[in-house]
Amino acid sequence: MISSTLTDRPSITTDTGAALTRGRRRGGEILFRTALQLCLLIVSTVLVALLAWVLTKGWNRLDARLWENMPSSLVSRLDTAGVQSALIGTLWIISLTAAICLPIGILSAIYLEEYADNNRWHNRMLELNIQNLAGVPSIIFGILGLGIVARVLGLGFSVITAAIVLSLLVLPVVIIATREALRAVPQSTRHASYALGATKWQTVSRQVLPAAVPGIATGAILALSRAIGEAAPLLVLGAVTFITFNPQGLDDKYTALPIQIYTFITRPQEEYSELAAAAIVLLLGIVLLMNSIAIFLRNRFEKRR
Amino acid sequence: MVASTKRADPAAGKSLRRGRRRPLDASVKVILVLAALVSIVTTVGIIIALGGPTVGFFRQVSIADFFTGTSWTPTFAQKAYGVLPLVAATLVATGIALLIAVPLGLGSAIYLAEYAAPRSRKVLKPIIEMLAGVPTVVYGFVALFALNPILQDFWPGEQKPAFQNLLVAGIAMGVMIVPTVASVSEDAMSAVPRGLREGAYALASSKMQVSTRVVVPAAISGIVAAVVLGISRAIGETMIVTMAGGLVSDSIKFNPIESAATMTAFIANISSGDIPVGSLEYDSVFAVGSLLFVMTFALNALSIRMVRRFREVYE
Amino acid sequence: MNRYLLSRRVLVGTAVAALALAGCSSNADSDTGAGEALSGDVSVDGSSTVAPLSEAAATLYKEDQARVNVSVGTSGTGGGFEKFCKGEIDISDASRPIKDEEKAACEAAGVTFVELVVANDALTVVANKENSFLDCLTTDQLKKIWEPNSKVKNWNEVDPSFPAQPIALFGPGTDSGTFDYFTDEINGEEGASRTDYTASENDNVLVQGISGSKNGLGYFGYTYYEENASKLKAVKIDSGSGCVEPSKDNVLNGTYKPLGRSLFIYVSSAGVTKPQVSDFVTFYLENIDDIVEAAAYIPLSDEQKTKLKSDFETLKSS
Numbered sequence: 001m002i003s004s005t006l007t008d009r010p011s012i013t014t015d016t017g018a019a020l021t022r023g024r025r026r027g028g029e030i031l032f033r034t035a036l037q038l039c040l041l042i043v044s045t046v047l048v049a050l051l052a053w054v055l056t057k058g059w060n061r062l063d064a065r066l067w068e069n070m071p072s073s074l075v076s077r078l079d080t081a082g083v084q085s086a087l088i089g090t091l092w093i094i095s096l097t098a099a100i101c102l103p104i105g106i107l108s109a110i111y112l113e114e115y116a117d118n119n120r121w122h123n124r125m126l127e128l129n130i131q132n133l134a135g136v137p138s139i140i141f142g143i144l145g146l147g148i149v150a151r152v153l154g155l156g157f158s159v160i161t162a163a164i165v166l167s168l169l170v171l172p173v174v175i176i177a178t179r180e181a182l183r184a185v186p187q188s189t190r191h192a193s194y195a196l197g198a199t200k201w202q203t204v205s206r207q208v209l210p211a212a213v214p215g216i217a218t219g220a221i222l223a224l225s226r227a228i229g230e231a232a233p234l235l236v237l238g239a240v241t242f243i244t245f246n247p248q249g250l251d252d253k254y255t256a257l258p259i260q261i262y263t264f265i266t267r268p269q270e271e272y273s274e275l276a277a278a279a280i281v282l283l284l285g286i287v288l289l290m291n292s293i294a295i296f297l298r299n300r301f302e303k304r305r
Numbered sequence: 306m307v308a309s310t311k312r313a314d315p316a317a318g319k320s321l322r323r324g325r326r327r328p329l330d331a332s333v334k335v336i337l338v339l340a341a342l343v344s345i346v347t348t349v350g351i352i353i354a355l356g357g358p359t360v361g362f363f364r365q366v367s368i369a370d371f372f373t374g375t376s377w378t379p380t381f382a383q384k385a386y387g388v389l390p391l392v393a394a395t396l397v398a399t400g401i402a403l404l405i406a407v408p409l410g411l412g413s414a415i416y417l418a419e420y421a422a423p424r425s426r427k428v429l430k431p432i433i434e435m436l437a438g439v440p441t442v443v444y445g446f447v448a449l450f451a452l453n454p455i456l457q458d459f460w461p462g463e464q465k466p467a468f469q470n471l472l473v474a475g476i477a478m479g480v481m482i483v484p485t486v487a488s489v490s491e492d493a494m495s496a497v498p499r500g501l502r503e504g505a506y507a508l509a510s511s512k513m514q515v516s517t518r519v520v521v522p523a524a525i526s527g528i529v530a531a532v533v534l535g536i537s538r539a540i541g542e543t544m545i546v547t548m549a550g551g552l553v554s555d556s557i558k559f560n561p562i563e564s565a566a567t568m569t570a571f572i573a574n575i576s577s578g579d580i581p582v583g584s585l586e587y588d589s590v591f592a593v594g595s596l597l598f599v600m601t602f603a604l605n606a607l608s609i610r611m612v613r614r615f616r617e618v619y620e
Numbered sequence: 621m622n623r624y625l626l627s628r629r630v631l632v633g634t635a636v637a638a639l640a641l642a643g644c645s646s647n648a649d650s651d652t653g654a655g656e657a658l659s660g661d662v663s664v665d666g667s668s669t670v671a672p673l674s675e676a677a678a679t680l681y682k683e684d685q686a687r688v689n690v691s692v693g694t695s696g697t698g699g700g701f702e703k704f705c706k707g708e709i710d711i712s713d714a715s716r717p718i719k720d721e722e723k724a725a726c727e728a729a730g731v732t733f734v735e736l737v738v739a740n741d742a743l744t745v746v747a748n749k750e751n752s753f754l755d756c757l758t759t760d761q762l763k764k765i766w767e768p769n770s771k772v773k774n775w776n777e778v779d780p781s782f783p784a785q786p787i788a789l790f791g792p793g794t795d796s797g798t799f800d801y802f803t804d805e806i807n808g809e810e811g812a813s814r815t816d817y818t819a820s821e822n823d824n825v826l827v828q829g830i831s832g833s834k835n836g837l838g839y840f841g842y843t844y845y846e847e848n849a850s851k852l853k854a855v856k857i858d859s860g861s862g863c864v865e866p867s868k869d870n871v872l873n874g875t876y877k878p879l880g881r882s883l884f885i886y887v888s889s890a891g892v893t894k895p896q897v898s899d900f901v902t903f904y905l906e907n908i909d910d911i912v913e914a915a916a917y918i919p920l921s922d923e924q925k926t927k928l929k930s931d932f933e934t935l936k937s938s
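Residue numbers (my numbering), protein chains in the order written: chain A, 1 to 305; chain B, 306 to 620; chain C, 621 to 938.
What the hints contain is simulated information worked out from the structure, not anything from laboratory work.
The structure displayed is predicted, hence computed values, not measured ones.
Don't take each hint at face value.
Stretches of chain C that chain B covers, calculated by requiring three or more beta carbons in the stretch to come under 8 Å of a beta carbon on chain B [said to hold, decoys possible]:
| hint | stretch |
| --- | --- |
| 1 | 801 to 811 |
| 2 | 814 to 827 |
| 3 | 887 to 897 |
Some chain A residues well away from chain C (every beta-carbon gap over 10 Å; in silico) [as the list claims (entries may be wrong)]:
| hint | residue |
| --- | --- |
| 4 | Leu-31 |
| 5 | Thr-34 |
| 6 | Met-70 |
| 7 | Ala-184 |
Glycine included, every Cβ here is placed at the ideal spot set by N, Cα and C.
So here's chain A without its partners, still in its complex pose (with noise of 0.2 Å):
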């Protein structure tokens, strides 16, 4: 989920209103002010009390033992098992998934932005398809793999699939925060490249662009990391498969963490959901790091301006 360039917004500080309200019905107003904080106090309470369960659920687990070996499904093998495959398979399918949406993603927010004129018909359409595309269900692109990338185009059930069907999901996301890096840039340098003569592409690639690339990395990274946490469309590509081996080639089979995890449930022992919380932090430490990158350097970007 990105969160909109919230640059400055009205500052009134809470002075005022306490000001004005001395001694007069502070009460109500002290209950409405806890009543929002407990809003907020709630919400922390649960992702911390989240992280800190899952870490003690996988504290056994979480040793190198889970990245150097393979699941898993004898009992007797069960103290020894890992996730290698599941996680040489997301980091396959993020570098694909990366190689893929990127360029296009940030190629048409470029058009969208720089090129099209917004008066023309297939160009506000376009806007709007994009924006359409971001609400649509996970679990829809994953039909829309099935039926078109894994049958109709026959690539099967491979990396290869997973990666274009995971970038059609996240290229919405990667348009929109492009598109308001690139707005962010002021006018005026646009203006002072034309007034020297420059091509509109020149302007584009040489002022524009890198200008916006905080903004840009930002929006790609939380574009991959919700791309990585996702185990929906994967389900229906027929990725819930035993798999002891890494993908060697686009068109390997693979897993990956989040099918993984999602296998390991339906196992009844006590071990197996050990397990899954390690690889859940596992997970976690990957998305929570892409997304910390990504927040850093949006507050970096905001206070330059």
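Assemble chains B and C onto chain A, guided by the hints.
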């Protein structure tokens, strides 16, 4: 999600290029247009992928049966194709999710927009965004193994919640969509001009009065858009309801402590089981998918229009 | 240098390098030379009851031949046959024999195969551990509970001496061979079952459901019961000659009727022409005892083992 500054003016580049042939520029534009067309291809692809089998489905099952039947058992020997149990379960789970997400999300948004000092905003906003970054499979896991046992232990009465039930799935979904509701509401509230607030303060209003009687009503279309977006996300959510909600769809159930399959849970479960291609059961997956697509499409379109409206009024 | 162009080039360069590396090391179909290191893919799919057996085989096999990629899917017995008869997979796991229409589909597609019995199973009817009144059920009582449109809601409708408590039913989903087998044997027709029970392929759901509900009743494969015997109670079945409990011995001597069954793998002739598939199946069959033990299934009787060897020889020579 929607930008707040004005767009670059595309005409600017054109006038300066008049008379100068730049093949690089021309080919660049072609590449850019092709990139933009990928999104159109995606939508067309979705419609085709869903449409074909759906049409095949409705050749064998009447539309009336589909929309009014009260039992959904496409995989049993006695087949029934009434979609209402799935829709009912979806609505129950979504309703529970909203009961959690709207108060928490709106409360957080009001606090962040009106009350929080910039320094606390810097800490609080990322926390909410972190919640948005948690993969849904994690929410499903937590719901199933942490939340449900607690619910079962403390549930009053004889009938305890089932191992998978809509209540626990709904609660987890609610937490998941809090960031959606909070962030779009907060955008809407921040877009309300300072002037309105200051006018109210000048008339000796308290902060609470300003927040609740000036800002929220002024931002109401954005707030409603946030809720509608939340509804759309909850309806389309798959992993949480598949893991924690259940797969029972033989009758319409409104009791949240029972297992029931939502539309998305049905699609996910049957797809991972891979029923023979071309059979009626297979097509039923696509029919439900089409219904899901239409519902979320309508909700999203509504939400976009409302966001546009609040932008227009204030910018 | 322009920051944007630089970072973009790095991105593209990395992507190209990654794809090139991928292309270089992508799997060829097979390596020749039995006894040497093989490589290639073996695709297995089908029943989720038999899958743990194939997964055990794959895990043990990997220690022998690390470069062969064995993948085991769980599309269900029916889904597995569908893919098998299209030539999409090499081995199909099945918890029931192939149906006539599935055989016809295979013939139509030119897929020849052999049916191999790899283990036995006792389809176990399971209740909550705390259940004190239930010890044995006749097949008629089971039918009364599970048949289509069954109106049985409470335990005392099954047997007047049972308490007047509602029965909580759990069972596999309809894509499962276990479901097919149970409904065929108990209700007389495959797929014929009441629809208002908690159906799930996910045996964790079934185990948790039954163990969490005092009045729970369900059915699934023997291994899943055995692995959770501390939480569950196996119900004895009376098919006319007394109550028989599900156990390894009762299945091997044929007294656990009618819910004793065989578990199969189907191997295609096309698949066996690939060295890695042939080697994997040979490994599977030669080490069937270890595999069955590792996966905690009911092993084959001696005559079944002899038949197994000869069936596979027939396939290999064809």
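Hints violated by the structure (numbers, ascending): 3 and 6
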